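For the sequence shown, the positions run 34 to 206 when my numbering is used.
What the hints contain is simulated information worked out from the structure, not anything from laboratory work.
Some hints could be false.
What the hints assert, rightly or not - What follows is a list of derived Cβ distance ranges for each label pair:
| hint | residue 1 | residue 2 | range |
| --- | --- | --- | --- |
| 1 | R96 | L181 | 18 to 24 Å |
| 2 | S138 | R70 | 31 to 37 Å |
| 3 | L116 | M83 | 16 to 22 Å |
| 4 | L199 | S97 | 29 to 35 Å |
| 5 | M114 | M159 | 32 to 38 Å |
| 6 | S138 | F203 | 29 to 35 Å |
| 7 | N164 | I113 | 34 to 40 Å |
| 8 | K197 | D86 | 31 to 37 Å |
| 9 | T80 | A120 | 31 to 37 Å |
| 10 | L170 | K197 | 34 to 40 Å |
| 11 | V201 | D86 | 42 to 48 Å |
In this text, all values refer to a predicted model and were calculated from it rather than measured experimentally.
Every residue, glycine too, gets a C-beta built ideally from N, C-alpha and C.
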Amino acid sequence: SRLKSKAKDEGKNVQNGVNETKMNGNMPNIELEDGKRLTQCCILFWTLYMSIDFLYDIPVSRRSTNATFIIWNLAHNLIIMLLVWCAFYLGSMGVCIGGLKKSMSSPILNAVNRNGLVMFLIANLMTGIVNLSMNTLEANDNVSITILFGYLCAVGLIALLLDKVLNVTFRLG
(Lines of atoms letter the chains of each structure in order from A and count residues from 1; the text may use other names and numbers.)
(Lines give C-alpha, C1' and ligand atoms only; values in the text may rest on other atoms or scores of the structure.)
Protein backbone atom coordinates (compact mmCIF):
# COMPACT_ATOMS: atom_id res chain seq x y z
CA SER A 1 0.00 0.00 0.00
CA ARG A 2 2.84 2.38 0.83
CA LEU A 3 4.62 1.26 -2.35
CA LYS A 4 1.45 1.81 -4.36
CA SER A 5 0.92 5.32 -2.95
CA LYS A 6 4.56 6.25 -3.63
CA ALA A 7 4.34 4.79 -7.14
CA LYS A 8 1.07 6.64 -7.74
CA ASP A 9 2.77 9.93 -6.80
CA GLU A 10 5.50 9.14 -9.37
CA GLY A 11 3.00 8.26 -12.11
CA LYS A 12 3.50 4.49 -11.90
CA ASN A 13 1.11 1.58 -11.55
CA VAL A 14 2.08 -1.34 -9.34
CA GLN A 15 -0.02 -4.47 -9.81
CA ASN A 16 0.92 -8.06 -9.01
CA GLY A 17 4.53 -7.08 -8.34
CA VAL A 18 4.98 -5.54 -11.83
CA ASN A 19 6.19 -1.96 -11.92
CA GLU A 20 4.74 -0.02 -14.84
CA THR A 21 5.40 3.59 -15.79
CA LYS A 22 3.02 5.74 -17.81
CA MET A 23 4.54 6.88 -21.07
CA ASN A 24 4.94 10.65 -21.25
CA GLY A 25 7.64 10.93 -23.91
CA ASN A 26 10.50 10.62 -21.42
CA MET A 27 12.52 7.54 -20.61
CA PRO A 28 11.53 6.60 -17.05
CA ASN A 29 14.38 5.35 -14.73
CA ILE A 30 17.02 5.17 -17.52
CA GLU A 31 18.30 8.66 -18.24
CA LEU A 32 20.31 9.67 -21.30
CA GLU A 33 22.38 11.96 -19.06
CA ASP A 34 23.66 8.91 -17.13
CA GLY A 35 24.97 7.42 -20.37
CA LYS A 36 26.74 10.65 -21.25
CA ARG A 37 28.36 10.78 -17.82
CA LEU A 38 29.44 7.13 -18.04
CA THR A 39 30.93 7.76 -21.50
CA GLN A 40 32.88 10.78 -20.22
CA CYS A 41 34.21 8.79 -17.25
CA CYS A 42 35.22 5.91 -19.57
CA ILE A 43 37.16 8.26 -21.82
CA LEU A 44 38.83 9.93 -18.83
CA PHE A 45 39.91 6.71 -17.10
CA TRP A 46 41.05 4.93 -20.28
CA THR A 47 43.09 8.01 -21.25
CA LEU A 48 44.58 8.14 -17.76
CA TYR A 49 45.35 4.40 -17.85
CA MET A 50 47.02 4.58 -21.27
CA SER A 51 49.09 7.61 -20.31
CA ILE A 52 50.39 5.92 -17.14
CA ASP A 53 50.93 2.55 -18.80
CA PHE A 54 52.48 3.66 -22.08
CA LEU A 55 54.04 7.06 -21.39
CA TYR A 56 55.54 6.19 -18.00
CA ASP A 57 55.90 2.46 -18.74
CA ILE A 58 54.27 1.36 -15.47
CA PRO A 59 52.61 -1.99 -16.26
CA VAL A 60 49.48 -3.28 -14.54
CA SER A 61 50.32 -5.38 -11.49
CA ARG A 62 47.57 -7.11 -9.54
CA ARG A 63 50.06 -8.45 -7.02
CA SER A 64 51.39 -5.04 -6.00
CA THR A 65 48.03 -3.33 -6.67
CA ASN A 66 49.73 -0.31 -8.19
CA ALA A 67 48.02 2.83 -9.48
CA THR A 68 47.95 1.45 -13.02
CA PHE A 69 46.04 -1.63 -11.84
CA ILE A 70 43.51 0.48 -9.91
CA ILE A 71 42.92 2.86 -12.82
CA TRP A 72 42.71 -0.03 -15.31
CA ASN A 73 40.20 -1.76 -13.03
CA LEU A 74 38.08 1.41 -12.79
CA ALA A 75 38.22 1.92 -16.56
CA HIS A 76 37.32 -1.71 -17.21
CA ASN A 77 34.37 -1.63 -14.80
CA LEU A 78 33.14 1.67 -16.25
CA ILE A 79 33.07 0.05 -19.71
CA ILE A 80 31.00 -2.80 -18.32
CA MET A 81 28.63 -0.33 -16.63
CA LEU A 82 28.31 1.58 -19.91
CA LEU A 83 27.50 -1.62 -21.82
CA VAL A 84 24.87 -2.58 -19.24
CA TRP A 85 23.42 0.94 -19.40
CA CYS A 86 23.27 0.69 -23.22
CA ALA A 87 21.52 -2.67 -23.02
CA PHE A 88 18.89 -1.35 -20.61
CA TYR A 89 18.48 1.99 -22.42
CA LEU A 90 18.16 0.48 -25.89
CA GLY A 91 16.19 -2.50 -24.60
CA SER A 92 13.65 -0.30 -22.87
CA MET A 93 12.81 1.67 -26.01
CA GLY A 94 9.54 0.67 -27.59
CA VAL A 95 8.43 -1.82 -24.96
CA CYS A 96 5.02 -0.32 -24.44
CA ILE A 97 1.86 -2.28 -23.79
CA GLY A 98 -1.45 -0.45 -23.61
CA GLY A 99 0.12 2.95 -22.89
CA LEU A 100 2.10 1.52 -19.98
CA LYS A 101 5.80 0.81 -20.01
CA LYS A 102 6.72 -2.40 -18.21
CA SER A 103 10.03 -2.54 -16.40
CA MET A 104 12.26 -5.22 -17.83
CA SER A 105 14.63 -7.41 -15.90
CA SER A 106 16.55 -10.52 -16.76
CA PRO A 107 15.12 -13.88 -15.63
CA ILE A 108 18.63 -14.94 -14.59
CA LEU A 109 19.07 -11.74 -12.55
CA ASN A 110 15.73 -12.36 -10.84
CA ALA A 111 16.68 -15.98 -10.16
CA VAL A 112 20.06 -15.04 -8.65
CA ASN A 113 18.45 -12.30 -6.55
CA ARG A 114 15.78 -14.68 -5.27
CA ASN A 115 18.44 -16.92 -3.66
CA GLY A 116 21.36 -14.51 -3.39
CA LEU A 117 23.09 -16.04 -0.37
CA VAL A 118 22.82 -19.58 -1.73
CA MET A 119 24.18 -18.48 -5.11
CA PHE A 120 27.05 -16.67 -3.38
CA LEU A 121 27.92 -19.81 -1.41
CA ILE A 122 27.72 -22.01 -4.52
CA ALA A 123 30.03 -19.65 -6.43
CA ASN A 124 32.50 -19.66 -3.51
CA LEU A 125 32.45 -23.48 -3.36
CA MET A 126 33.12 -23.60 -7.10
CA THR A 127 36.06 -21.22 -6.62
CA GLY A 128 37.44 -23.46 -3.89
CA ILE A 129 37.13 -26.54 -6.10
CA VAL A 130 39.05 -24.82 -8.91
CA ASN A 131 41.73 -23.50 -6.53
CA LEU A 132 42.25 -26.97 -5.04
CA SER A 133 42.21 -28.84 -8.34
CA MET A 134 44.69 -26.76 -10.36
CA ASN A 135 47.55 -24.27 -10.07
CA THR A 136 45.70 -21.06 -10.93
CA LEU A 137 48.85 -18.91 -10.99
CA GLU A 138 50.19 -20.85 -13.97
CA ALA A 139 46.93 -20.95 -15.92
CA ASN A 140 47.06 -19.15 -19.26
CA ASP A 141 44.44 -16.66 -20.45
CA ASN A 142 42.40 -19.19 -22.42
CA VAL A 143 42.08 -21.53 -19.44
CA SER A 144 41.12 -18.60 -17.18
CA ILE A 145 38.43 -17.35 -19.56
CA THR A 146 37.07 -20.89 -19.97
CA ILE A 147 36.83 -21.32 -16.19
CA LEU A 148 35.12 -17.93 -15.78
CA PHE A 149 32.66 -18.77 -18.55
CA GLY A 150 31.98 -22.08 -16.81
CA TYR A 151 31.29 -20.23 -13.54
CA LEU A 152 28.92 -17.89 -15.33
CA CYS A 153 26.99 -20.70 -16.98
CA ALA A 154 26.90 -22.93 -13.89
CA VAL A 155 25.73 -20.21 -11.49
CA GLY A 156 23.10 -18.99 -13.96
CA LEU A 157 21.88 -22.52 -14.64
CA ILE A 158 21.67 -23.42 -10.94
CA ALA A 159 19.84 -20.15 -10.20
CA LEU A 160 17.32 -20.76 -12.98
CA LEU A 161 16.88 -24.37 -11.87
CA LEU A 162 16.11 -23.29 -8.29
CA ASP A 163 13.83 -20.47 -9.44
CA LYS A 164 11.90 -21.84 -12.41
CA VAL A 165 11.99 -25.63 -12.09
CA LEU A 166 12.07 -26.27 -8.34
CA ASN A 167 10.43 -22.94 -7.30
CA VAL A 168 12.66 -22.78 -4.20
CA THR A 169 13.50 -19.73 -2.11
CA PHE A 170 16.00 -20.10 0.73
CA ARG A 171 15.52 -17.73 3.65
CA LEU A 172 17.41 -17.18 6.89
CA GLY A 173 15.51 -17.37 10.15
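To see whether the hints hold, each was checked on the structure:
1. R96 / L181: 18 to 24 Å: 19 Å, holds
2. S138 / R70: 31 to 37 Å: Violated, at about 23 Å.
3. L116 / M83: 16 to 22 Å: 20 Å, holds
4. L199 / S97: 29 to 35 Å: At roughly 45 Å between Cβ atoms, S97 and L199 fall outside 29 to 35 Å, so the hint is violated.
5. M114 / M159: 32 to 38 Å: Given about 25 Å between the Cβ atoms, the range is violated.
6. S138 / F203: 29 to 35 Å: With a Cβ separation near 20 Å, S138 and F203 fall outside 29 to 35 Å, so the hint is violated.
7. N164 / I113: 34 to 40 Å: 24 Å, violated
8. K197 / D86: 31 to 37 Å: 44 Å, violated
9. T80 / A120: 31 to 37 Å: 24 Å, violated
10. L170 / K197: 34 to 40 Å: Because 38 Å falls inside the window, the suggested range holds.
11. V201 / D86: 42 to 48 Å: 47 Å, holds
Checked against the numbered hints given earlier, the structure breaks hints 2, 4, 5, 6, 7, 8, 9 and satisfies all the rest.
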